[in-house]
Amino acid sequence: AQSVTQLGSHVSVSEGALVLLRCNYSSSVPPYLFWYVQYPNQGLQLLLKYTSAATLVKGINGFEAEFKKSETSFHLTKPSAHMSDAAEYFCAVSENSGNTPLVFGKGTRLSVIA
Amino acid sequence: KAGVTQTPRYLIKTRGQQVTLSCSPISGHRSVSWYQQTPGQGLQFLFEYFSETQRNKGNFPGRFSGRQFSNSRSEMNVSTLELGDSALYLCASSAAPGAYNEQFFGPGTRLTVL
Chain A
127 AQSVTQLGSH
137 VSVSEGALVL
147 LRCNYSSSVP
157 PYLFWYVQYP
167 NQGLQLLLKY
177 TSAATLVKGI
187 NGFEAEFKKS
197 ETSFHLTKPS
207 AHMSDAAEYF
217 CAVSENSGNT
227 PLVFGKGTRL
237 SVIA
Chain B
5 KAGVTQTPRY
15 LIKTRGQQVT
25 LSCSPISGHR
35 SVSWYQQTPG
45 QGLQFLFEYF
55 SETQRNKGNF
65 PGRFSGRQFS
75 NSRSEMNVST
85 LELGDSALYL
95 CASSAAPGAY
105 NEQFFGPGTR
115 LTVL
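Protein sequences, first through last, are from chains A and B.
In terms of the numbering used here, the first sequence opens at residue 127 and continues consecutively.
In terms of the numbering used here, the second sequence opens at residue 5 and continues consecutively.
With the rest of the complex left out, here is chain A (with noise of 0.2 Å):
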């Protein structure tokens, strides 16, 4: 069954900073993988997506993620942190070129220090 592990539930970084948000999957077969942002109060916005093409995929809002089948990761990440990047991030899973329903991971928290 496909899962999603995002490792640190809580990542605090400067203003300026790099952001790294870990993410790590496991799927029986190829995956769709999706980073999704949440802000508060809201619902979740996509940030990015990839789909088999290009492993290094580029986001709105500055961010990128690279696929690495090898290690089964589709790390989050953006040279510069701003302060409106303070939010929830979310990395999610789905099989069968994306048919599945998608299965998230439980999310990190991210906080930007001035």
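Everything labelled a hint here was simulated from the structure, so no lab data went into it.
Heads up, some of the hints might be wrong.
What the hints assert, rightly or not - Rough simulated footprint, nothing fancy, chain A against chain B, three-plus residues with beta-carbon under 8 Å: (1) 25–34; (2) 41–52; (3) 110–116.
Idealized CB from N, CA, C, for every residue including glycine.
Chain A is fixed; fit chain B onto it per the hints.
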């Protein structure tokens, strides 16, 4: 274009009661998915509807049910409420079914069961 609308935004019920939550998708979207978000279990998929048909169902008891109308609006119902049903219920719409297609989330309905 208006986003996904969920009503009501907040709801307080007592154990044993039933509740109906409503979701209006983005205009032109025909697929609606529902998720339950709790601090302990995180985000869990409930069901997905497309063209009034349930396409996928998550691992929830039969007390959780849903439907979709011809105008793509969707409702979910929870009968015989339990304390553990307290959660944020999120609805997401997409132009077509499957996680591959970008899902746009509403702000959620926060259900509290006393």
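Hints versus structure:
1. Coverage of the stretch 25–34 of chain B by chain A is violated. Counting CB-CB distances below 8 Å, 0 residues qualify, and the rule asks for three or more.
2. As drawn, the stretch 41–52 of chain B meets chain A at 5 residues by the rule of a beta-carbon pair under 8 Å; at three or more, the given contact holds.
3. Remark: the stretch 110–116 of chain B is confirmed as covered by chain A, as 3 of its residues place a Cβ nearer than 8 Å to a Cβ of that chain, reaching the required three.
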